[in-house]
Amino acid sequence: MTLRSLWSLLKGYVIIRVTGRAVEDFINEAYTSGVELWNLQRIDERSILGHIYLQDLPEIGKMLKRTDCTGRIERKIGLPFLIMKLSRRKGFAIGAILFSVILYLLSSFVWFVNVTGCDKMSPDTILEFIAKQGVKAGVLRREVDSTSLGRAILAEFPGLAWVGVHIKGTTVNIEVAEKTLPQARSGITHLVAAEDALVTNMIVLAGEPLVSEGDTVAKGQMLVTGIIISPYGYEDTDRDKRHVINAKGVVIGRVWRTYQGVLELVQEFETETGRVEKAGRLSFGPYELRIGPESAPFQTYTEDQSVWEVPFLGGTKPLIGLTATTYRETEKSVEIADEEEALEDLKEEAFAHVKAKIPGGAKILDEREELKYSEERKWVYTLTIETLEDIAQERSEDREGEH
Amino acid sequence: MSISGNKPGSGRAKERIAEFFELPRDSILDVPRIVVIGNAELSIENHLGIIEYTSGSVVIATVKGSVTVRGKDLAISSITKTLVGVQGKIEHLDLPVEPR
Chain A
1 MTLRSLWSLL KGYVIIRVTG RAVEDFINEA YTSGVELWNL QRIDERSILG
51 HIYLQDLPEI GKMLKRTDCT GRIERKIGLP FLIMKLSRRK GFAIGAILFS
101 VILYLLSSFV WFVNVTGCDK MSPDTILEFI AKQGVKAGVL RREVDSTSLG
151 RAILAEFPGL AWVGVHIKGT TVNIEVAEKT LPQARSGITH LVAAEDALVT
201 NMIVLAGEPL VSEGDTVAKG QMLVTGIIIS PYGYEDTDRD KRHVINAKGV
251 VIGRVWRTYQ GVLELVQEFE TETGRVEKAG RLSFGPYELR IGPESAPFQT
301 YTEDQSVWEV PFLGGTKPLI GLTATTYRET EKSVEIADEE EALEDLKEEA
351 FAHVKAKIPG GAKILDEREE LKYSEERKWV YTLTIETLED IAQERSEDRE
401 GEH
Chain B
1 MSISGNKPGS GRAKERIAEF FELPRDSILD VPRIVVIGNA ELSIENHLGI
51 IEYTSGSVVI ATVKGSVTVR GKDLAISSIT KTLVGVQGKI EHLDLPVEPR
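Sequences listed follow chains A and B, in order. Take 1 as the starting number for the first sequence in this note's numbering and just add one per residue. Take 1 as the starting number for the second sequence in this note's numbering and just add one per residue.
In silico DSS-like cross-links for lysine-lysine, where the CA-CA straight-line distance does not exceed 25 Å: (1) B:81 x A:65; (2) B:64 x B:14; (3) B:89 x B:72; (4) A:120 x A:136; (5) A:132 x A:179; (6) A:62 x B:81; (7) A:219 x A:363; (8) B:81 x B:64; (9) B:81 x A:11.
Keep in mind the hints are simulated off the structure, nothing from the lab.
My request is simple: use the sequences and hints to build the entire structure.
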């Protein structure tokens, strides 16, 4: 769009159809009297189309008469016509203006406050704080000073390393970065046994070993302590002379894990017979309406109940209750399992069970399986897996806690 | 539409002055200045009006006689006191032949 056409849109122009024997006369008449004509197009033998400015329209009327032509306005283009149209449709115009005003007004408020980047801290505490500072949904956008707000948040919460406040449209985005403080290990760390084990190898990097290689230890037993009572070579029970460190080391031990299972050859289970009975109950206050049987019509069955209630204000009994119960008849059946298959299943279960407990990095030394006929006249299967693994487990103790 | 009279005497004197002072002729005389851009646009300065306008031909009056533009889909893009612009597919341009 050129500047000229923009100007003509502002001034408003019409496309006029001029019909006559000598339209050329009309053209000459127009330009000589200073009326601007443009984009003249021949339509047919007798008529042309041309653009003229709205302001020249009265002049054109006279000219048409003088040159014995007739004119007809084909199209009206430009702002003056738009205004005329709008003034005729007042409701629409008012609506359009109102819309713009309301949109502008609403967009000058803050509607959303978001806090991102919180890891340990709750965003709500920050939201609460800034609400006290006067930043919450509903305040004017220009009243939010992002720089000072950021500084205030940073001053309030010492756990934050950086705060960025961005106002984007009607949303205030608060981006925070929390400080990652190195975990100060102020307490004492002991090493304790993670499992019942036989200690085979110990490498103590820090601390006082309480067990030695070849010892059997129980789960939870202290292996290496972080409290060194006699750091200078003499006994001293004085607490102040105690040397406190974080024990560190590797304690390799043999661990046995077992699983015992009874080989069940006879298996009992319940199956549904397919017979189903449905019962419904509708209660309204103290009144009740029942459909179907009141109690289960079968000897062995499973029950499926769904309840829908409308609570009565203040009361414990619901105002309206709707209960649908489905009873399904069941019967017990017995299956004699194949011995081989049952044993295979049991083994699989045993291995899965034990292996799930073995930590990563453990070395499996031995796997033993046993099938014994017990006194209770049952076949008992036992799986034992022996591993070699690090049994040291850190346990910290607060320094303050010992006083 | 009458073309304003071309007095041979005064015209010649002006022409001589223009020649003597090496002035561009169109600025001193009412001689038309015709600019053709490609075959799509034509403009004439110092025109005296339109004699005939159809989509196939535009005849424009000048001091030197009538200039005829022939072509297809011809339109008068603008017309003011000093300038006529013609747009379309221009095929022929007939310039006025000097009487002498």
